[in-house]
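Asks: Using the sequences provided together with the hints, build the complete structure.
Here the protein sequences line up with chains U and P, keeping their order.
Per this note's numbering, the very first residue in the first sequence carries number 1; after that it's consecutive.
Per this note's numbering, the very first residue in the second sequence carries number 1; after that it's consecutive.
In short, the hints are calculated from the structure, not lab data.
Keep in mind that a hint or two might mislead.
[Claimed, not checked] Okay, derived cross-link-like pairs now, DSS-like style, lysine-lysine, Cα gap no bigger than 27 Å in a straight line:
| hint | chain 1 | residue 1 | chain 2 | residue 2 |
| --- | --- | --- | --- | --- |
| 1 | U | Lys113 | U | Lys81 |
| 2 | U | Lys28 | P | Lys106 |
| 3 | U | Lys108 | U | Lys81 |
| 4 | P | Lys106 | P | Lys82 |
| 5 | P | Lys82 | U | Lys108 |
[Claimed, not checked] Here are the computed distance ranges between Cβ atoms for each label pair:
| hint | chain 1 | residue 1 | chain 2 | residue 2 | range |
| --- | --- | --- | --- | --- | --- |
| 6 | U | Gly76 | P | Gln102 | 40 to 48 Å |
| 7 | U | Ala117 | P | His109 | 31 to 39 Å |
| 8 | U | Thr5 | P | Gly94 | 36 to 44 Å |
| 9 | P | Glu118 | U | Thr5 | 19 to 27 Å |
| 10 | P | Gln10 | U | Thr5 | 45 to 53 Å |
| 11 | P | Ala29 | U | Arg20 | 28 to 36 Å |
Backbone N, C-alpha and C define an ideal beta-carbon position, used for all residues, glycine too.
Residues per chain, in single letters:
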Amino acid sequence: MIDRTWIGHQIGRSTLVIERGRLRFFAKAIGETNPIYVDETAAAAAGYTDLPAPPTFVFAAELDSNTMFALFDQLGVPLGKVLHGEQGFEYFAPVVAGDTVTVTSRVKDIYDKRGGALEFVETESTAVNQRGETVAQMRGVTVVRN
Amino acid sequence: MAAPSFNTVQVGDSLPDLVLPPVDRTMLALFAGASGDHNPAHIDIDVARASGMPDVFAQGMLGMAWLGRLLTDWAPQSQLRKFDVRFAGITHLGNAISCTGQVVEKLEHNGEPCVRVEISSANQFGQVKIVGAALIALP
Numbered sequence: 001m002i003d004r005t006w007i008g009h010q011i012g013r014s015t016l017v018i019e020r021g022r023l024r025f026f027a028k029a030i031g032e033t034n035p036i037y038v039d040e041t042a043a044a045a046a047g048y049t050d051l052p053a054p055p056t057f058v059f060a061a062e063l064d065s066n067t068m069f070a071l072f073d074q075l076g077v078p079l080g081k082v083l084h085g086e087q088g089f090e091y092f093a094p095v096v097a098g099d100t101v102t103v104t105s106r107v108k109d110i111y112d113k114r115g116g117a118l119e120f121v122e123t124e125s126t127a128v129n130q131r132g133e134t135v136a137q138m139r140g141v142t143v144v145r146n
Numbered sequence: 001m002a003a004p005s006f007n008t009v010q011v012g013d014s015l016p017d018l019v020l021p022p023v024d025r026t027m028l029a030l031f032a033g034a035s036g037d038h039n040p041a042h043i044d045i046d047v048a049r050a051s052g053m054p055d056v057f058a059q060g061m062l063g064m065a066w067l068g069r070l071l072t073d074w075a076p077q078s079q080l081r082k083f084d085v086r087f088a089g090i091t092h093l094g095n096a097i098s099c100t101g102q103v104v105e106k107l108e109h110n111g112e113p114c115v116r117v118e119i120s121s122a123n124q125f126g127q128v129k130i131v132g133a134a135l136i137a138l139p
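Replies: Shown next, in the form of structure tokens:
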């Protein structure tokens, strides 16, 4: 069982510079063909100052910096036992290429079901851009199969 | 298709389906690199088997990104306010995912006219993989 004193733990800060090349790679990986996600001219015509990051892209910040996987290491949970249970985003402002997004996260809750056979680690994160504007809030639940 | 507006959209309206090709290993490798999810269970069959899985399987966030495409194909991303999902089943190699959505409510959120859209994805056998909801502002 995961030590419940981890509830409230500040996971740390992850900074991700949003690059055009990375956004084009992400678009390719998800089969996105809408030109606003790959072509600056089309993005500008749609009212964006540069290529917009697709809705789930900002999730990459914590993965790139390895803070999320490092958390499970700290909790003593092997990655092979985890599955993504839930994920949520609330959006407040667009994220575009050229932005620098900093994500701060904490462990919101840890609980179990089926007598501990499944444990759930809930995290919440806030993403802020280089102007100090909150661009998104994220909530995630990771399932640990014990 | 014209972008939806609050007055013309009705509860019960369906979003145009998004139909994906079957999941293959290349897709998972590309998404691992692009998304930053380097969990080897999605790209290395030896690691997947060591953790009790028959083979590599799709990243949950790949499925969520596809649902994101369903939404932004329908209304501009700048109008997306909330996007929440629950992962209901593992997406395996060979699964051909279809994403669907339906308007379930018209409401006001923070002073903006919005619609709540229920979304889900399922494979070619009808097995549900992701369920969720989105809140989208409409002009």
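Asks: Next, verify each hint and record whether it holds.
Replies: Okay, the hints, checked on the actual structure:
1. U/Lys113 to U/Lys81: holds, 15 Å
2. U/Lys28 to P/Lys106: violated, 33 Å
3. U/Lys108 to U/Lys81: holds, 20 Å
4. P/Lys106 to P/Lys82: holds, 14 Å
5. P/Lys82 to U/Lys108: holds, 19 Å
6. U/Gly76 to P/Gln102: 40 to 48 Å: Because 42 Å falls inside the window, the suggested range holds.
7. U/Ala117 to P/His109: 31 to 39 Å: Since U/Ala117 and P/His109 have Cβ atoms about 38 Å apart, the given range 31 to 39 Å holds.
8. U/Thr5 to P/Gly94: 36 to 44 Å: holds, 43 Å
9. P/Glu118 to U/Thr5: 19 to 27 Å: At 38 Å between Cβs, range violated.
10. P/Gln10 to U/Thr5: 45 to 53 Å: holds, 50 Å
11. P/Ala29 to U/Arg20: 28 to 36 Å: This hint is violated: roughly 22 Å between Cβ atoms.
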